[in-house]
Structure formats: C-alpha cells, structure tokens
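Enquirer: Chains as they are written, first to last, in the numbering used here: chain A, 6 to 108; chain B, 63 to 244; chain C, 815 to 968; chain D, 91 to 413.
Read the hints as simulated data drawn from the structure, not as lab findings.
Heads up, some of the hints might be wrong.
As the list claims (entries may be wrong) - Straight line, CA to CA, 27 Å or less: simulated BS3-like cross-link-like pairs of lysine-lysine:
id : chain 1 : residue 1 : chain 2 : residue 2
1  : D       : LYS209    : D       : LYS220
2  : C       : LYS960    : B       : LYS151
3  : A       : LYS24     : C       : LYS863
4  : A       : LYS72     : C       : LYS960
5  : D       : LYS175    : A       : LYS79
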Amino acid sequence: MSTTIKVRAMVSADIATVKAIINHPMTVERLDKATGKVVPAHFIEEVVFSHNGEELLVASCGQAISKNPYFSFKFSGARSGDTLGVIWRDNQGKQDRDEFQIR
Amino acid sequence: MRVTIHETRGWIRSARVLALLLAVASGSTTWAEETGKTEWVPGEPYPTALLDRYPCHDYELPCGNMAPPIVQQVEFSGELTGDSALGEKIATNLRWGNCLSCHKLPGHPEGGTIGPSLADYSTRSLPLSYTYQRIWDVRVFNPNAHMPVYGPNRILTPEDIGHVMAYLYVPHAENRIAAKQD
Amino acid sequence: MHSMYRRMVLKGTIAMGAAVTAGLFTPLRALAEWPKTAFEAEAVEGVIKSLYAASSVQDSDQIRLIAPDIAENGTVVPITVDTTLPEVDSISIIAEKNPRPLAASSRLNPKLEGYFATRLKLSQTQNVVAVVQSRGRLYRASKEIKVTVGGCGG
Amino acid sequence: MKTKIPKAALVAALVAGICPVTVFAAEVRHDFWPGRDKVIPHVSGDEQFSNTYRYWKDEMSLDAAVTAGLMSHEMNYKDFRWREKSLEGEMLLGEGQELFNTANEQGQSCASCHGADGKELEGTYARMPKYNERLKRVVVGPTQIRICAEERLGRKDWGEDTRPNTLLAFYLASLSDGEIIDVDVNAPGPVKDSYERGRDLFFKRVGHFHFACASCHTPPSSGNYLRGQRPTTFFGDAAQYPIYHFPYQLAGDNLSYIFTMQHQIRSCQQLSRMYQGREGSAPMTDIETFLRASANGYPISVPVSEYNMNTDYLERSQQVSSQ
C-alpha cells in the first residue's frame, strides 16, 4: 500500500466520482538565497488513472500545480468494487503506483 | 508638512502616562529604545522577539502588564508632498502598512471589506488633517475602531503616512483608471 | 478528416480492450512523452498551438470554470472545469499571467464526463482559461481570479 | 520634517514629580475589545455575536442552509468542516497511529497503557483541557502527550511543537470524532479560572497593530474579507482542531500542515504582529481553554481541512444568485 497516493472513489447512479491526492513537494525552480545556486524544479509531470486496467485519464502537469496535487474527475460505467489504478511519474525519475477499490 | 502631537489630557490619560513612565523606570522599555532606531525593517516580518515592546499575552514578561499606547491627537498642515507609488507599496505590503487587508484601495479591488472601500478616496476631497489623524491614531474618532494605531505604535512614520495619503489623494495613472471601473 | 479516422480506431481498440478480462489489460502505450514545449511556452497562443496544433478557439458557454473570485491563498486555488460539450477528449487549464501559463492538460477516455478539477498556484491576479477539445474543435471559457497574499498581517 | 514631541520636558517633569511614589506600581488598565461580558462557555454563545449559529447548530439545519445556497462564511465554515472529512488529513492519521504504537527501547509505547490503537482514549480529547492533580496545572492534549512521553517513555523530544506530538494529538482527536465537547468550566476551580483568564487574553488588545484576537474573530470583522480570507467567529472552531492547514507552514515547521490549537494561535499571533506565546505555556493554555470551552456542546470533527477546497459551494451560490 503506497503512502504517497490517497484516493476516495464513490459510485452513485452509475457515475463514479474520483478524488485523488498525491504527496509531492511540487517545487518550482527557485534561487536558493543561501548558496546562490538555482534549485531546479521538482514536480510531477504525469499522472495516469485507469479503471479495471483500462486507461481513463492522463493528466500532464506543469509547475503551477499546487503542492500535494489534487485531481478529481467523474466517469460512467463503473460498479462499486472495481479497481482504480493510479500511476504518477515526476521530472526527477521518481514514480509510484497503487490500486484502490471503488466504493 | 508640519506635524504636532498633543497628548490627550484627561485623568485617565495621565494615569497611563504615569504607568508608561513606571515601565520606563523599571527599565523594560528605555525611552531611548522607544525613540531610537527600530530594528524592524518595514516590509520585512516584524522580528517576533522585539514584539515584547508592545502589550502582549504573556504573564511573566513586563509586556504582559504594559499599558496600551496613549491616544494621540495630531494636526497636519502644509502641502501633500508624498510619493504616490511608494504610498501604494506601503499600503499593499503585508509587512508594512498592510491597509489592503481591510480596505479596497485604488487599483486594488482584492482588498478586504472590514474597512470601507477607499478605491475612490480622491473623489471625496476630505481635509488632509482629517485623513492624517485617521491614519495616525483612529481612536480619537472611535476608541474601538479596527484600525491599527499607526502613529503611537510607530508602524508608520509621518513621512510614510504622507506617501500613503499621496497614493489615496492622487492615485497614479493606472490606479485611477482601475478605480473608476470598480 | 485524419483525426476522425484516428478516433474511430481508438474507439475500436477500447471496445476490444474492455472485452479482455480486467487484470490482463495494462495501459498499452508507454507513459506518454510529456508535452515539454507546451509547458515551457511563455505565451498563451504558443501553448495552444503546440498542444493542439490548432489556433482557432471559440468561446463557449457550455464550459463552466468554477473557482473563487478572490483566492484565499494564491498557492492553492481550487479550479473545476465542468462542461456539457459532447465527446470531450482533452481539457487544459491555462493561467495567463503565470511565468509558464500552461498549468495542466488532461487527455480523457470518452467514458469520462466533461469534468476535471485540480488546484493551481497563481502568481498574481489573472484570468484562468479552460480549453476543451470536443469533436476535434477547441472551445474556451475564462474567469478572473483575484489573488492576494493570505492572512492578515505579519 | 521632524515630529516635535516635547519629550525631554515631559519626561523630566513627570519623573521628578513622581519619584517618591514609584514604590507602589499603578494598576495598569488594559484596552479590551468590546464583547467580553457577552461570552458564555457554550457554542450557542455565538447567537450573541453572529447570527449564523442557527444555520450550523446541527446536521439538519446545516443541510437546509447548504441546499439554500448559503456561502461557507455564513455558516462559520462548518459546511465543509463538518460534512466532509479531509482526504489530506486522512493521509497523516496512519503516521499518528504508528507513533502511538511504536515502542521505545524498553518496549514501552503509548499502546502499552492505553490499549492498542488508543482504544481507551476514545472520547478523551473532547474533555480536554483538564486539571492534572499530580502536576497541579491545567493541561491540554499536546502538553499531556509531552508529559506522558517524557515520564513514561523517556522520550525527551516529543514536546508540544514537534511533529510526533502534533501527529499524536491529531490521531487522538480523530479517535474522538463525533464526541460532544464538554470542558468542565461550570464548577469553580482551576479550569474555570483558566477559562476566564483565557477570555480576557482573547479580548485584550496587544501587539504592534494593537489588535485583539476578538478584533477579527467577532462581528463585524468575522464574515468580512481580510484580504482573501474571512475570519470566523470563535464559537465551535476548537471542535475541528488539530486541523489540516495546507498551505500554511510556520518557518522551520515540517508538521505536514497539521495545526494544533496553540499552533494556530501562534500562527495568528505572528500574522497579527503580536508577541508569540510558547506552546504549552500558561497563557496559551488559558486561551485554548477559553476556545475549547466556547465549543462546548458541539461535536468534534477531525480530520478536516482549514480551506474549503471543493468548489461545489461556489456552484451552489452561483446557481442561487443567478435565479
């Protein structure tokens, strides 16, 4: 069970609403006053959501997405008990994946 | 711009002056420190360690039993010579005058709504000394006003207030246009 | 015409894909390559041109961009895009006055409702624009969000 | 352009005049924000202050107000702070639970005395702060955790303002989710005195701006915009603390945005240019006692987040205003 992704997915009247949070600093490129060096941006570039293995949504992100990014979307044709897959990858090669039950 | 300050007389006030002198006598806030250079750099966060110069919530520190600042009545005469752009910087900077937190300002509709909107202040042509007193120590008009006591607590110097007034009375070009749209 | 053909093929594969038992089917294509030029473009037109290879964008009242008028805090501004346009396959969010305007761009499977929400960092008061691609055409809606530093003093 | 304050003359005259009497310290009269006498230690006290209480006093009236399209600040922000648990907050509960169960070198953990996952502590957070007989002082949640950790587990680094203490307080408060707050301030005693001192501190005008907490947290300020935010009235607010307060972080603070009550007070003091109290100190405990007692009769709701991040409340009001 990954500790970087948290999802709340609920079905009501055939429409599933997904709310997801990813634990990530999402820092922008900035000048470190102490060392005077430029600290490169560190942010999630892509998040892929899938339903029972079938790709649903690919969200590409820039540096303007807030820290601990939040995504929400809705889709039809889901039943409680289905699995929702989440994969994220950032611009420094880190990534994580996890699967959740739709309630 | 000539400014004179009159301590508001009255029995209660002199009791407070007495208390402040006692505080001074007890060495917690030396008069030199009061009138000398403040270490706070306006525009920077106020160093929390220095905030014990003003009344505070503590039980042991002297600031816990310090008298509040004395109400000061001030007058203002002469021309308005402040710099409008600097006045805007003072009024909108959270770490300086911070007027924007409570007031909408010329060209800044995102201001607060606790105080009345000042977006069109220049059109009201209010006397300069009224505005100056309003900013210096609003308690002369209303003891329970929300405004900070800019003068007695040395948040703004008379020059700063001059700049803010210049910004209010003569908002520079783009603020005037924006103010009209509000 | 070309993109229409591409979509029919895409639809076909997804229909076929759904028939395959759940666990077997893993996302076919490798993780998409991140649209770098779009995310680094500094002008809004540049963003749209490099993302969608088209430049004509129509205003549409079928897109609702739901966000606060005055942001409580510029580093976390909730933005929701809710559209009734048919067959939406992409929703992008652009913050015009941010150093790099393109904030997010999502590609949707047709099963999805035209709904996408996230939280943005906005550098100053500005217009936030939602661009929706529906049936190969681009539609937009925008809203001005006033951004001020949160909190009262400091 | 120099401000002419006749200081030298003023100082000389007064100091010379009163030297012989400096022995007794004059009783200092502080400035207080109006409203101190209207306060009662119960959440219904809000009726004396803002007219929003009738919208959020219980589940039913809150649902009615929400469907009527009222904005969050008209419901003292209880719409999302009561009806929706915070996804971000839930991410950190696991860490709090882990801390509760982690044993020190001698194999002792909080769970050794209080039951696995703090079973026996359910509901206790709703009755804090309490008078601690042994320590002869009123203690709030984080202080009790510090003392327990120090004395029972030998952990010296779980003080009030640290990550373990804050996440433990957050976890323990979540065990009391739904419990009705009941701080015992009716019987005369140390907790009642602490409540009254806290009330006076809450209304006392302090700091560079000469603000009181009440300057912003009572009408007409509460409900109005303070830049991008709208202050709430303080009644019932303690029921949601410790709260997930993203994106605010005090300098050097890696508490993943969980703010305990006193952490929030410190943050507000910093923002309002008031001298910052030390978490766990007597004045801060008194203010927390006052705020928690002002939430008496209201159910705890943890974990919730400080800001309303879902935009349905905006949709509601747009629909209502466009009708």
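Enquirer: Now tell me if each hint is right for this structure.
Expert: Structure-based check of each hint:
no.: 1; hint: LYS209(D) to LYS220(D); result: holds (20 Å)
no.: 2; hint: LYS960(C) to LYS151(B); result: holds (18 Å)
no.: 3; hint: LYS24(A) to LYS863(C); result: violated (30 Å)
no.: 4; hint: LYS72(A) to LYS960(C); result: holds (20 Å)
no.: 5; hint: LYS175(D) to LYS79(A); result: holds (20 Å)
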